[in-house]
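**Student:** Chains as they are written, first to last, in numbering that gives the first Met the number 0: chain A, 0 to 177; chain B, 0 to 157; chain C, 0 to 515; chain D, 0 to 140; chain E, 0 to 93; chain F, 0 to 494; chain G, 0 to 121; chain H, 0 to 132.
Keep in mind that the hints are not guaranteed to be accurate.
Ranges of calculated distance between the beta carbons of each label pair, as one might list FRET restraints [claimed, not checked]: (1) D:Glu56 x G:Val7: 52 to 60 Å; (2) A:Pro74 x G:Ala73: 43 to 51 Å; (3) B:Arg47 x G:Ala73: 16 to 24 Å; (4) F:Glu451 x C:Lys178: 23 to 31 Å; (5) F:Arg450 x B:Tyr37: 54 to 62 Å; (6) B:Val34 x A:Pro74: 47 to 55 Å; (7) A:Gly97 x F:Ala2: 33 to 41 Å; (8) C:Ala32 x F:Ile1: 37 to 45 Å; (9) E:Val3 x B:Thr100: 43 to 51 Å.
Rough simulated footprint, nothing fancy, chain F against chain H, three-plus residues with beta-carbon under 8 Å [said to hold, decoys possible]: (10) 8-16; (11) 30-39; (12) 45-56; (13) 88-97.
If you're looking for bench data, these hints aren't it; they were derived computationally from the structure.
Cβ atoms here follow ideal geometry from the backbone N, Cα and C, with glycine treated the same way.
Single-letter residue listing:
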Amino acid sequence: MLGAAGLALLRIRNLFAVVMLAGIYSLLSAGLFTVMDAVDVAFTEAAVGAGISTVLFLAALALAGHHENKPGHTPLLPMLVVVITGAALVYGTMDMPGFGDPDNPVHHHVADHYLEESPHEIGIPNVVTAVLASYRGYDTMGETTVVFAAAVGVMLLLAGGVRSRGRAGRQAGEEGDG
Amino acid sequence: MNRVAVLWGILFGVWLLLAHFSTLFLVFGVVTCSVAVYVCARMGIVDRESLPVHLLWGSLGYIPWLVWEVLRSNVRVARIILAPRLRVDPSIVHFRASQRTDLGRFIYANSITLTPGTVTTGIVGDDFEVHAIVQEEIDGTEENTMNRRVAVLEGEAG
Amino acid sequence: MTASTLLLLSLAVPAAGAAVILLLRYNPNAREAASLVTAGALFTIVLRIYLAVSVGDRPALVLAEPIPGIPIALEAEPLGVLFALVASFLWIVTTMYSIGYMRGHPLRPEIRDVMATLGIDRDREKRQARFYLFFAFAIAAVMGVAFAGNLFTLFVFYEVLTLTTFPLVTHSRSEAARKAGRVYLGVLFTTSVVFQLLAIVWTYAIAGTLDFQDGGILSGRAAGAVVPVLLGLFVFGIGKAAVMPFHRWLPAAMVAPTPVSALLHAVAVVKAGVFAVLKVTVYIFGIDFIAATGASVWLMWVAAATIILASLVAFTKNNLKVRLAYSTVSQLSYVVLGAMLANQLGVVGGGMHIAMHAFGKITLFFCAGVIIISTNRTEVSQLKGLGRVMPITFGAFFIGALSIVGLPPTGGAWSKWFLGMGSLEAGQIGLVAVLMLSSLLSLVYLMEIPLQGFFGRPRRAPDRDAAGEDDHDHGGDFHTPPRWSMAAIITTAVACVILFLYPEPFYRLMTMVAGP
Amino acid sequence: MREEIVVRVGAKVLTPFIIMFALYVHFHGDYSPGGGFQAGVILAAAFALLALVYGLEAVQRVLPPWFAQMCAGLGVLIYAGVGVVTVLLGHNYLGYGALAHDPEHGQHYGIMAVELGVLVTVFGVMVTVFYLFAGRGTMKP
Amino acid sequence: MFAVTTVALLVSMALAMCRALLGPTAYDRVLALNNIGTKTVVLIAVLGFLNGRPDFLDLALAYALINFIGTIAVLKYIEYGDLGAGSRKDVAGG
Amino acid sequence: MIAEHLPILQVVLPLLAAPVCIFLRNPRAAGALAVLTSWSALGIALSLLREVMSTGVVSYAIGDWAPPIGIEYRVDIVNAWVLVIVATIGAVVTPYAITSVESEVDRKRIPLFYAAYLLCLTGLLGITITGDVFNVFVFLEISSLSAYALIAMGQRRRALTAAFRYLIMGSVGATFIVIGIGLLYVMTGTLNMADLAALLPEVWDSRTVKVAYGFLGVGMCLKLALFPLHLWLPNAYAFAPSAVTAFMASTATKVAVYMLLRLFLSIFGRHFSFEVMGLDLILLPLALVAIVSMSLVAIFQVDVKRLLAYSSVAQIGYMILGLSFASVTGLTATLLHLFNHALMKGALFMALGCVVYRIGSVHIDAMVGLGKRMPYTMAAFVVGGLSLVGVPLTVGFVSKWYLILGALEKGGLWMGVAAIVLVTSVMALVYVWRVVEVAYLRDFAGDERVREAPWSLLVPTWALVLANLYFGIDAVRISAVARGAAEALMIGIGS
Amino acid sequence: MMDQLLSVLTWALLLAGSFFFLTGALGMVRLPDVFTRMHAAGMGDTMGAGLILLGLCVQGGVSVVTVRLVLVLAFVWFTSPIATHALAKAALSGGTRPYTLTGTDAARGDESHEGGGATSAP
Amino acid sequence: MSVDLFVSHYNYWVVIFLMMVGFYILISRGNLIKKIVGLNVFQTSVFMLYISMGKITGGTPPILLDDPHGEGEAVGHVLYSNPLPHVLILTAIVVGIATTSVGLALAVRIKEAYGTLEEDEINRVEAQTEAAE
């Protein structure tokens, strides 16, 4: 289903529809995350995908219009790149431990510690929160900063209306819309 | 002010239902509800429309009826869909509703939409525009049951 | 004052002089006085270093260490002292000369007009200041080359010299000057980076050091085909030695003002090149090592070919300065040849040729410059009969030419003699023939000028109107040569003769280098 | 969109619940999925909803853009500040053990403070970003 | 039995997905999005029971609340072409 | 007490300053804060380097959690070195930005600009200092996001498209890195670098690790703009505001190169990189093609900023070339060139910034005769350019020296590599000299009012220029540090 | 006994809910235009969700879980008609003509371009 | 390639397929917004890859069941999925939305400056501008 959504995204040229499908994609992936026990992730994906992302996309579309041109040339090169990348990944997964196997190294080294020690060390039942905010709290701080950086970036780009014209001469086209 | 308190109470009730029960969370609950209520009050959205406490009693009767209506129309629509030949005859109907307040219209419009087979597509003043999957779904008169019941609901609370 | 302090001063004095020049850039007299004083001071310093070295002292000094194990170090050894002595002495003379020359040199008319309308003479002064400034820097770089204590230092100052002379070459900023600047920088830089630097790093990779040492640092460490290849990289990489096919920059650089051509492109820059070749052969490879491996035989013939070909080209050139430039190309390869002979006599001959050719060639250039500013003539064919108007100039030219050809009673005779002997000792009879032939050629193309000057007849009157003020001597376009310039010409011409009579200091230095 | 009865009333009714729910998600992050980030997003979404219905101006009267921007920066300061406090208390950066005698309590406090920082930043950022996108269309004279 | 329900939900999601893919109008896709949203809410609820950890319904709750915002944004986008407008007259010029 | 917290302060200080910049709202105050912050960052970086040189690896466990459990900051000589590079450039460019930015960015946006700038600095320092692979990704994104915004601040509208392209390619790179990290994680169960280095040898044979290697490599190469993946760089540098270009060009790609070294040599280890994966054989041709083709392209550019941007791609080729030698000397060259290239590109772009400040363009035709009008600026450009070419007595020479030495040490066909390096220096001379010639050997024809750039721009520019000269003359110390770092890298992190 | 009863009840409710969901989904595929499909979708939203959640409530008994289920249900029932209404309105303003048996436009005409906003004034 | 391999890895492959679809959209489409959508899909799929790494068959979400202050006897026999990938992906999602918002802001600005969102049209405009200069 996700694949179908993805392919549809590829084909459809009405950006509005694309955004809708992207929303569906996000919804479905959130469902998948739930299936795979990642409730926190699903929650986040839900909040982001359904709440903010769609709204932002629509806002951007409102400013930028929603029609996409037909791709002009046969995209052979991208296809090649994608096929190679995909093949490499598949090749790489060959030696990966099987899906869901509890003996995988992933589940032992550090994860064991989190699951076994966090009740004593931190004492909250949601291990994800414990790891997020304490064991790897610094990552989360980085994450907060990333979000902040995004805000700074968007403010730099969009605040204050139309920019003053630079000396180097900017062309028309900007005059048309604000 | 009264309404604010009521809203606060409702929110806090929901909070109690949701959250763990401990001192800490009670404190959090108080904070949470206060923040929510404060923001809503600032927005000016705590009023008769958003907090129809006056309809409480009336709705006790209305909701079960509505559920029943929903069930009935669900079955009707299911029949249409499952029929080997699609027998749809969609149309859009305009009619006047007899509700006096926006709240009443809101309830009526939502009730119409909630019952499958009919969708409110527009309200201008008291002019309702409803799309129905088959013509017969709509009883587009001021005297139809739902209209009357909503009006009664609205009217009871004054 | 210790000798090593003197080394430092030999760099610092010209640099400080440059700073003073910069400060005094709007006051011509003070500026030029500063130049002269600096030049004199430098010569004194070098003289004192010479005195120290001639008694066997080897003052040394480490300036900095850019790369661990490879410092920028100065060391005075005889060959370097010889070079420094020549360069610093000639700087005094050239400064004198250029004071006259730069003031007397008429600007290109279009620029003069523009400046007149604007009422600006400042710009010209500024450019003259720039001239002296970079000149001083270039001399500092030359001193660095001369006293380099290791190959790396040599390379550093070699590059600095290239860069500081670039503004001098493009002094006029005309399209021709820009083009010449491109060739100049392009050839010198490309050869030095692509071949020379490669050779240096390679040497370091093999020997683990770059210090100049008696007997060479590579001897015994390198073997096989590496040696001739490496030597070839050095010889071609030192583009300033102007071994064909990398000689194009030298004629191109002739667009520079004549003092620049005189000092730098007849003495300092090109001599830095051949000097470096000598240094490399003597102190990096070691002449015995080269002789033993026979690595230099093919390069001897390259040098020989350059000698002959450049002479032939010189024949065809009508422009006086360009002809002199090709003559220089040819003469430089004498030194290279001397180095490649890899025996005592060859090295002594090469080293002495650095000095002898310097004095001879600078005289010629001085004369050419005087001719240019006095008559505005640049082509050989225009000079007929001028000798009678400018007897001193053409007389000096004659003496200089004799020195270049290698005829007594001038210093050039000695170096040619040693080179010839060296060739014989190396068993290369063919090279002796080459030397003879090239001397003959140079005799012809150089002697044509004074002979035409004295005995030729001007074909027609100069086309310019009488200038008015300075024409009491002769009609038309003639300006009296500046006195400062004439003094310089006489000095160098006399020196050529003196060096024939008294070549002792240079000979002694060279035997210290090459062994008895 | 004030004139759309259905949407307006619906939004009015739902907004308090959304806000409350957002904060619930935040405070309850220790026990169930959720936390500062999700809460921030939902909270911002609530304001987005209000802005959609009542227009940007009306919302900005309640929640001015400068306030949102300040929130965005403040959250980062709170988060990083907790780290600085622990450093000042002699522990390593973000070593919440410093915040109370009992390290477990310290962890609790630390996590709460930090989550608050995340909430504030995410809320501020999302609102700011939304304001900017939505406001750009009407800004033109 | 939860499994059966899950399958039924998945099938109906797939059908809705078909609608999303087929279009033909953008509104069909919005409808599909909306529908899939509701189904996801229910699905998450059911999955909670299926896994024996039914206490993660907050997620469903969040969805129920937020999905709605997206649709409102769509309406606003279509009707006004600008998400920030206060009332219709703000965008009267187009 | 503060001394032991230096590693974290290094990153947190600019991070804290960034929101404060926004609160200040006053351009001057924000600028002053940024300057102060960047200088303290430099101080911290220097003292870290000193500490590491004297006591060895410094490890800082964030949140009191011992390394594989929590996130670790791990400073060894290599990243202390890179920290110093980044902090130095930051400390020099920030004061420069104060004047430069005023003329190129809206006054209203200036505090935001500094916030983004500081965030970018934070990100770069964070990437460098951390000992946790996922943390790398997080800070990578901090720096990238702010960089996108900063680049888009350029005056011409092409800055926008340049930033967008950078965003797309940068995000792809970051995503590839995430994939790579994920694959590594799945094989070992840890994210800590030292831990990974210890655990990886057990699973070297698996195809997953090899693919992870590939993805990390490609992702990093996208970020550092190695030749076929460099498409975002020229325009991004050409159209960004001058101060941003100066900062980014001298730090961003350097940090990416550092990460590449860290990943390939410290984590995977040189045995795996060179003997199993044949990294040297893959990188060598790419680096050579990058050097030659980009130098060629640079020769034909008419926009000087873009010219230098292409030259940057070529210079990155030199760094990668040093890596592909797989020897201590080669790595020393790489690490030195990290520093040296930062110095020279910083100086060059800052000089161009001065030109932009006065005449608003760096088109080569606009720079005619500028040597007279802006003597100090153009002199800075000349020295920087000579350094780029690799003339002795400048830093550029030192790194080139090691590069050639590294090639010659390997002998045989590597001679050719050395020759290519040398020939491309000549190409560098050509493109630098085009500008010099135009600026000095032609007469000025522009606006008579054009004069020398203000001191506030010249002083930082010349600070870097003089550093170029100083470290070109006295490179013993930095060479020693670089060699020490190279040896540390070759030994690997685990043992 | 009680347990079994509850089980059966849950089964029934879940199956009924699934039925409505499936039917609605089928309708979404079969029905001719977006408006008619809305009706089908509405089925899932109302009865489908309602019955299933109710079934889960029965299974969960009186607990925090049930509270949440009820809340979810309440929100779904509350938001779904609003969303549907919004969508219908958007579709109409966006210029989609409702499908009719006769093929003529029974409702109002096509009056605006999408996203343009010039619909009838309130 | 045995059946075992397929059974235990098929979901990775599905995820990889999705990833590649996103990647393809990202690099082949000329429309800037579409590119961002592609980036989103690409990233989301990578998240799925991570999450599937963390899944343990029969595991439950890593939210501990027993009271943390209790004796903890339940910890032993309940199998929890690995929380670490979840944490990482939470961070990555946030990063993703941050990137998206900046990308959209850029796209909006590009639209304003060029009047189009198509890469080839932008290139054309730029080529014209350059020619005019």
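**Student:** Is 43 to 51 Å respected by the C-beta to C-beta distance linking Pro74 (chain A) and Ala73 (chain G)?
**Tutor:** Given about 49 Å between the Cβ atoms, the range holds.
**Student:** A range of 54 to 62 Å was offered for this pair. Does it hold for the Cβ distance of Arg450 (chain F) and Tyr37 (chain B)?
**Tutor:** Given about 59 Å between the Cβ atoms, the range holds.
**Student:** Does the Cβ distance between Ala32 (chain C) and Ile1 (chain F) fall inside 37 to 45 Å?
**Tutor:** Hint violated: Cβ distance 59 Å, outside 37 to 45 Å.
**Student:** So the hint says 16 to 24 Å: do the beta-carbon atoms of Arg47 (chain B) and Ala73 (chain G) match that?
**Tutor:** Holds, at about 20 Å.
**Student:** With a C-beta cutoff of 8 Å, work out whether three or more residues of the segment 8-16 of chain H approach chain F closely enough for the coverage to hold.
**Tutor:** With 0 residues in contact (Cβ-Cβ under 8 Å with chain F), the coverage given for the segment 8-16 of chain H is violated.
**Student:** Is 47 to 55 Å right for how far apart the beta carbons of Val34 (chain B) and Pro74 (chain A) are?
**Tutor:** Given a distance of about 51 Å, which is inside 47 to 55 Å, the answer is holds.
**Student:** With respect to the beta-carbon atoms only, verify the hint that Val3 (chain E) and Thr100 (chain B) lie 43 to 51 Å apart.
**Tutor:** holds, 45 Å
**Student:** Per the coverage rule (Cβ-Cβ under 8 Å, at least three residues), is the segment 45-56 of chain H covered by chain F?
**Tutor:** holds (count 4)
**Student:** Would you say the C-beta atoms of Gly97 (chain A) and Ala2 (chain F) sit inside 33 to 41 Å of each other?
**Tutor:** violated, 49 Å
**Student:** Within 23 to 31 Å: is that where the Cβ-Cβ distance between Glu451 (chain F) and Lys178 (chain C) falls?
**Tutor:** The hint (23 to 31 Å, Cβ to Cβ) holds, given that Glu451 (chain F) and Lys178 (chain C) are roughly 30 Å apart.
**Student:** Confirm or reject the coverage of the segment 30-39 of chain H by chain F under the rule of 3 or more residues with a beta carbon closer than 8 Å to the chain's beta carbons.
**Tutor:** Check passed, 3 qualifying residues.
**Student:** Holds or violated: 52 to 60 Å for the Cβ distance of Glu56 (chain D) and Val7 (chain G)?
**Tutor:** Given a distance of about 56 Å, which is inside 52 to 60 Å, the answer is holds.
The structure fails hints 7, 8, 10 (numbered hints given earlier, in ascending order).
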